[in-house]
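**Q** Here is what each chain is made of, one letter per residue.
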Amino acid sequence: MSLLQQFPGIEIPSTRGACGRRDRVVFAGRVLAAGRAQSAGRAQSAGRVLAAALALFAASSATAADWAQFRGPDGTSVAASAKLPTSFNVAAKQNVAWRAELAGRGPSSPIVVADRVIVTSSDGPLQEKLIVACFDAKTGKSLWRRQFWATGRTYSHPDSANAAPTPASDGKRIYAFYSSNDMVCLDLEGNLQWFRGLAFDYPKAGNDVGMASSPVVVDDTVVVQVENLGDSFAAGLDAATGETRWRTPRRASMNWTSPAVFRTLQGKNAVLLQSPKVLTAHDPKSGEQLWQFEADCQTIPSAVGADGRVYVPAKGITALDLSEGTAPKVMWDSNQLNPGPASPLIAGKRIYTLNRSGVLSCGDVENGKSLWQLRVGGTHWSTPVIADGRLYCVNQEGKARIIALSDAKGELIGEADFGERVQGSLAVAGNALFVRSDKYLWKIATP
Amino acid sequence: MRAVLSKKRSGKRSPVLAAASGPAASGIARTWTAVAWAAVAWTAGVGLSLGAIGPAQAADAQIESGLATVRKVGPKGAGHKEALEAVKTLGKAPAAELPTILAAMDGADLLVANWLRGVVETVAQRELDAGGKLPIAALEQFLSQTSHSPRARRLAYELIAKIDDQAETRLIPGLINDPSLELRRDAVALAMRRGEAAGTATAEAKAAAAKAFREAFTHARDLDQIKAAAAKLKGLGEPVDLPEHFGFIMKWKVVGPFENAGGAGFAVAYPPEREVSLAAEYDGKKEKVKWNDVSTTDDYGVLDLNKLVGPHKGAIAYAYAEFTSPREVAAELRLGSVNANKIWLNGDLVATNAVYHSGSAVDQYIGAGKLKAGKNVILLKIAQNEQTESWAQDWKFQFRICDAIGTPIR
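Respectively, the protein sequence lines represent chains E and Y.
In terms of the numbering used here, the first sequence is numbered consecutively and its last residue is 447.
In terms of the numbering used here, the second sequence is numbered consecutively and its last residue is 410.
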């Protein structure tokens with residue numbers, strides 16, 4: 001598999017237009033009116049694209065077959081070359097490779113690292129038991145399970161749980177984060193590496209509706225976003241030791257978005273932090289703010305970066321051109337692409353969003369133009385995945401849909417029913433789809 | 001530290017090991033080759049010696065040094081670098097050392113307890129994966145000693161239950177009044193199952209069920225179990241007094257509203273914060289306000305300020321109660337409120353939570369204090385903001401005083 005096959009979203013950007021005049025762009029402390037920001041309008045060299053691809057590859061030890069964090073290896077929720085079943089039937093066990101029972105609860109998503117599927121749960125009367133479970137990806141056999149005690153606040157809405165954030169891995173270690181702001185670091189055999197109780201350090205950090213921001217690990221740094229009405233902050237922890245590399249205050253407001261890794265075309269990594277009033281980009285290791293973009297951002301779906309651009313859930317979706325690496329320029333915004341709780345997906349030249357009414361929209365990343373819409377139905381907390389030209393999504397009732405994607409339309413080609421609630425986002429590794437429902441972890445794959 | 005751990009250590013010990021509590025132990029090379037040798041020596045009951053200090057001594061020193069290092073882990077990553085190495089070393093300890101590692105949780109905070117838990121699970125899994133055995137007798141002894149950390153004791157039970165499917169019926173029933181909330185919960189769950197099993201087919205069966213559910217209700221401290229046991233008792237026509245069980249304060253004096261536009265009033269010390277004078281009249285948000293007697297009959301002690309004070313926005317109310325304690329005792333002041341709040345005990349501020357409409361639950365906020373013998377004065381500040389969403393209109397609270405595991409102080 002070539003690098004470009006592994007990272008099919010990387011393409012040479014073309015000319016873009018500027019819009020979104022009410023937004024403001026801040027670079028190096030200077031506020032620029034977005035309307036004055038000029039579009040980049042130039043092609044990128046293949047060398048720069050390759051540099052970005054290499055940076056993406058080098059950012060983590062996780063392999064291309066892994067799905068080591070929320071929304072996958074590059075955060076776009078795309079595993080372009082994976083060959084997933086075009087149909088499956090849970091009740092008839094058609095293309096269901098295995099099903100494993102889970103202890104506890106959790107809307108968190110599974111991740112897949114080195115043929116292991118990692119799932120977090122929380123249990124106990126106050127969701128105070130923090131569980132990390134590991135399964136053999138091939139067989140579904142339980143390999144190990146670890147449990148810890150929450151040190152922070154564990155309250156949440158009844159539909160959520162302490163295990164709401166999706167864990168992350170760099171291929172060497174697992175970083176399991178919880179609403180209680182506890183971070184458990186284990187090696188792939190389940191041995192404790194370190195444990196950090198962020199609410200132990202900052203007791204007012206918490207949100208009794210439940211926190212849900214998933215960490216990312218990049219440049220040997222685990223980045224967490226702990227935004228709430230108490231001690232509100234983001235932090236970068238040394239992946240090897242758990243020590244704080246940096247910590248920066250954030251506005252005191254409730255927010256559930258997750259940090260996103262953005263690889264610039266210059267081959268550098270940045271971490272995007274999306275808050276209700278601003279999107280900021282930071283150097284992963286130092287926390288230094290690289291730029292910011294002020295807008296009324298959503299508080300659940302998270303920004304995604306691809307091909308030198310960032311797509312942020314604000315005014316529907318606002319696309320930012322970052323081909324220069326540090327100065328965001330508004331390309332377009334589109335209310336027609338307004339996402340619900342599920343985060344947007346980027347596949348090549350197309351952006352996909354699912355709104356609160358269960359309508360799937362496909363847009364053109366160049367101009368935000370809506371190409372088609374398809375009513376899928378239901379509320380989707382789970383961010384879908386795209387593999388081999390098909391989109392897989394599961395609503396909170398556990399109803400799965402498979403949609404064939406083209407520029408002309410989205411065509412519903414398959415349906416399935418997990419028979420219980422699904423809140424966690426989907427994961428793809430190899431040619432298998434991994435789904436976490438309330439009680440079970442599922443592997444969907446052709447035998 | 002070493003003395004404490006050595007005293008609680010279990011398993012057969014060699015004379016050499018027993019003598020290895022001197023300062024020289026700290027100078028031993030910290031390799032787990034020595035520990036492996038020590039394990040052999042323990043098993044054989046032979047006191048090996050390598051020069052002045054034997055491998056068993058080295059193992060002992062290594063474990064105690066490792067545990068001492070982990071116990072130095074603190075907030076904000078303090079002690080992590082040293083502890084990283086220590087947990088790797090401790091993870092290779094013989095399973096016979098599990099009670100020693102568990103004992104290191106005694107008096108430790110939750111951060112340290114979590115690090116040690118990770119070590120315990122690593123050691124136990126390694127032993128079981130290798131077809132070895134866990135030191136069941138020593139773990140049961142550890143479980144039986146309530147002086148140990150409640151969490152460590154529950155973890156000891158979990159280890160026992162991994163390999164003994166009779167552990168629950170053998171060990172749990174006697175723990176229904178245990179200081180460990182988790183073990184107590186296990187025992188309450190057993191009592192509930194006993195009540196279910198009794199059925200209601202005959203008068204004798206009903207009586208047996210009621211007895212089991214009553215036992216469960218009396219000892220339950222977790223909200224879900226209390227609710228479940230109460231429902232069963234009510235279903236059998238048995239009396240249930242939930243406010244009594246929890247110790248909710250049901251009668252208050254309330255005054256308000258005071259101004260809280262823009263949330264600014266939360267930081268303002270209105271007259272009741274300076275001195276409670278129950279006969280006084282104050283300048284309120286729009287007019288003069290005075291203290292009123294209020295009460296609730298809600299099972300969970302909820303007082304609705306929208307009804308008692310009025311559906312004000314950007315407003316503050318104070319609630320005052322007197323609580324008689326039979327003795328001077330450490331206590332937890334537990335408040336549930338979807339509104340920003342402060343708690344004072346005898347004039348001392350014990351909790352501040354500037355959080356609005358972010359969920360509410362029984363015992364949501366806890367302030368720690370010490371009750372005087374006799375009369376104690378409780379003052380609450382409950383602040384409403386100006387959010388207009390339908391889900392952001394509640395202005396209410398519930399409050400109780402109890403010990404660390406939720407038993408009301410009477």
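Because the hints were derived from the structure by calculation, they are not lab data.
Mixed in with the good hints, there may be bad ones.
For the chain E half of the interface with chain Y, some residues (derived, Cβ under 7 Å), not all of them [to be verified]:
id : residue
1  : F148
2  : D201
3  : F233
4  : L405
5  : S406
In the DSS-like style, the derived pairs of lysine-lysine whose C-alpha atoms are separated by at most 27 Å in a straight line are [to be verified]:
id : chain 1 : residue 1 : chain 2 : residue 2
6  : E       : K204      : Y       : K396
7  : Y       : K76       : E       : K204
8  : E       : K93       : E       : K138
9  : Y       : K88       : E       : K129
10 : Y       : K396      : E       : K141
11 : Y       : K81       : E       : K129
12 : Y       : K227      : E       : K129
13 : Y       : K211      : Y       : K253
14 : Y       : K206      : Y       : K92
15 : Y       : K253      : E       : K138
16 : Y       : K285      : Y       : K253
Glycine is no exception: its CB is placed at the ideal position from the N, C-alpha and C atoms.
**Q** Now tell me if each hint is right for this structure.
**A** To see whether the hints hold, each was checked on the structure:
no.	hint	verdict
1	F148	holds (5 Å)
2	D201	holds (5 Å)
3	F233	violated (12 Å)
4	L405	violated (37 Å)
5	S406	violated (41 Å)
6	E/K204 with Y/K396	holds (21 Å)
7	Y/K76 with E/K204	holds (15 Å)
8	E/K93 with E/K138	holds (16 Å)
9	Y/K88 with E/K129	holds (23 Å)
10	Y/K396 with E/K141	violated (48 Å)
11	Y/K81 with E/K129	holds (26 Å)
12	Y/K227 with E/K129	holds (21 Å)
13	Y/K211 with Y/K253	violated (38 Å)
14	Y/K206 with Y/K92	violated (53 Å)
15	Y/K253 with E/K138	violated (64 Å)
16	Y/K285 with Y/K253	holds (18 Å)
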